[in-house]
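*Asks:* Chain by chain, the residues:
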Amino acid sequence: MAKVKLNLLNIFQLKLNKKFIEYEGNTVGDIISKFIDENKEKLDENLIIKNKKKLNPQMLILVNGRNIKYLNNYKTKLNNEDELYLSFPLAGG
Amino acid sequence: MYLTAAGIKQLTIIDNDVLDISNLQRQILYNEMQVGKDKVESAKIVLSNLNSEVQINTYKEYIDKDSIRKYIKDHDFIIDCSDNFQTKFLVNKIAIQYNLKCVIAGIKDFYGQIITINPKKTACYQCVFNEPDKISPEEGPLPVIGVTPGILGTLEALEVIKTALGLPNLENKLLMVNLVDSRFNVIDIVKNENCICSK
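Here the protein sequences come in this chain order: A and B.
Counting from 1, one number per residue, gives the positions in the first sequence under our numbering.
Counting from 94, one number per residue, gives the positions in the second sequence under our numbering.
Be aware that a few hints might be false.
In silico contact screen, one side only, chain A against chain B (beta carbon under 10 Å); selected entries [unchecked claim]: (1) Q13; (2) N26; (3) K54; (4) K69; (5) N72; (6) Y74.
Heads up, simulated SDA-like pairs for lysine to any residue below, C-alpha to C-alpha not over 25 Å straight-line [said to hold, decoys possible]: (7) K18(A) to V279(B); (8) K186(B) to I121(B); (9) K284(B) to N80(A); (10) K186(B) to G29(A); (11) K50(A) to T76(A); (12) K42(A) to N271(B); (13) K284(B) to K42(A); (14) K19(A) to N124(B); (15) K266(B) to E41(A); (16) K266(B) to K40(A); (17) K284(B) to L71(A); (18) K5(A) to K166(B); (19) K5(A) to I280(B); (20) K40(A) to N7(A); (21) K18(A) to G29(A); (22) K102(B) to M126(B); (23) K166(B) to I101(B).
Quick caveat, the hints were computed from the structure, so don't treat them as lab data.
Computed from a predicted model, the values in this text were never measured in an experiment.
Don't be surprised by glycine CBs; every beta carbon is placed ideally from N, CA and C.
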């Protein structure tokens with residue numbers, strides 16, 4: 001399994017009071033699933049899909065600077081030292 | 094304001110709004126005397142008083158796919174100051190179509206993000222963010238601390254100036270601003286070969 005770093009931004013950092021979490025997993029789905037399992041009580045319902053191990057699709061997930069929508073979404077395979085970023089979408093102005 | 098103070102040659106402002114007193118918490122260009130008046134006209138008065146040598150063009154109109162095309166001729170840069178994803182994606186698309194550099198920022202609460210786009214060379218807004226049709230309509234007024242758009246707006250002005258001077262800017266970078274922790278985070282982003290900016 002790949003050892004990766006999940007960097008938490010804005011609301012996620014505030015909710016969990018952590019800047020990053022290190023995980024092991026084969027895919028983005030593995031990492032997000034573990035993240036939700038460990039933190040679901042701290043995450044509001046607008047951040048996650050209830051009863052599923054996925055985030056609300058509005059949330060931004062980057063792997064090494066690429067949006068997972070252009071990779072293979074939750075099935076995106078991970079390599080050692082990959083950097084993931086998790087952010088709430090910021091549309092205000 | 095900083096672009097006008099810097100003596101930018103020409104500034105075109107497009108906004109259909111009328112000033113509401115609730116805007117004054119963050120839109121410090123205005124004052125109580127201007128409540129109820131068109132924002133673009135009030136902005137023109139303030140900015141012209143700041144630097145009379147800058148040509149300020151104003152249009153009281155909503156930005157949409159038709160209106161934006163009318164006003165981008167003879168401009169070098171688009172600055173997104175909108176408060177919704179639809180407009181940000183539209184600005185990005187138009188910037189790519191017309192090969193204009195642009196800067197797009199977004200905020201919520203104490204947080205902000207900003208990216209500068211050089212259409213032929215760098216990652217664009219759509220490379221990084223999810224398309225509007227995949228975003229549920231949490232649009233409209235989002236909670237905001239007044240200082241946050243001030244800082245992100247200042248950073249947008251800085252990007253225009255730095256880009257014009259050929260200095261390092263936020264091309265291929267996403268700057269995430271966290272004003273709770275007073276922390277800036279720069280993420281290297283990658284231009285996507287399947288995105289509209291690569292076609």
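*Asks:* Would you mind confirming whether the straight-line C-alpha gap from K102(B) to M126(B) stays at or under 25 Å?
*Replies:* 28 Å, violated
*Asks:* For a C-alpha distance cap of 25 Å, please report whether K40(A) and N7(A) respect it.
*Replies:* Within the cut-off at roughly 17 Å; holds.
*Asks:* Closer than 10 Å between Cβ atoms is the bar; does K69(A) clear it against chain B? Give me holds or violated.
*Replies:* 6 Å, holds
*Asks:* Was the hint right that Y74(A) lines chain B, CB cutoff 10 Å?
*Replies:* 14 Å, violated
*Asks:* What's the verdict on K18(A) and V279(B), does the C-alpha distance respect the 25 Å limit or exceed it?
*Replies:* 17 Å, holds
*Asks:* Do the alpha carbons of K266(B) and K40(A) lie within 25 Å of each other, as the hint requires?
*Replies:* Since the Cα atoms of K266(B) and K40(A) sit roughly 30 Å apart, the hinted pair is violated (cutoff 25 Å).
*Asks:* Next pair to validate is K5(A) with I280(B); report whether the Cα-Cα distance is within 25 Å.
*Replies:* Distance of about 14 Å is within 25 Å: holds.
*Asks:* Are K186(B) and I121(B) close enough, with their CA atoms no more than 25 Å apart?
*Replies:* 29 Å, violated
*Asks:* Would you mind confirming whether the straight-line C-alpha gap from K284(B) to K42(A) stays at or under 25 Å?
*Replies:* 34 Å, violated
*Asks:* Starting from K266(B), check that the Cα of E41(A) is at most 25 Å away, please.
*Replies:* Judged against 25 Å, a Cα distance of about 33 Å means the pair is violated.
*Asks:* Are the Cα positions of K186(B) and G29(A) separated by 25 Å at most?
*Replies:* Given pair K186(B), G29(A) is violated - Cα atoms ~30 Å apart, limit 25 Å.
*Asks:* For K284(B) and L71(A), compute the direct alpha-carbon distance and say whether it is at most 25 Å.
*Replies:* Satisfied, since the Cα-Cα distance of roughly 12 Å is no more than 25 Å.
Violated hints, in rising order: 2, 3, 5, 6, 8, 10, 13, 14, 15, 16, 18 and 22; the structure is consistent with all others.
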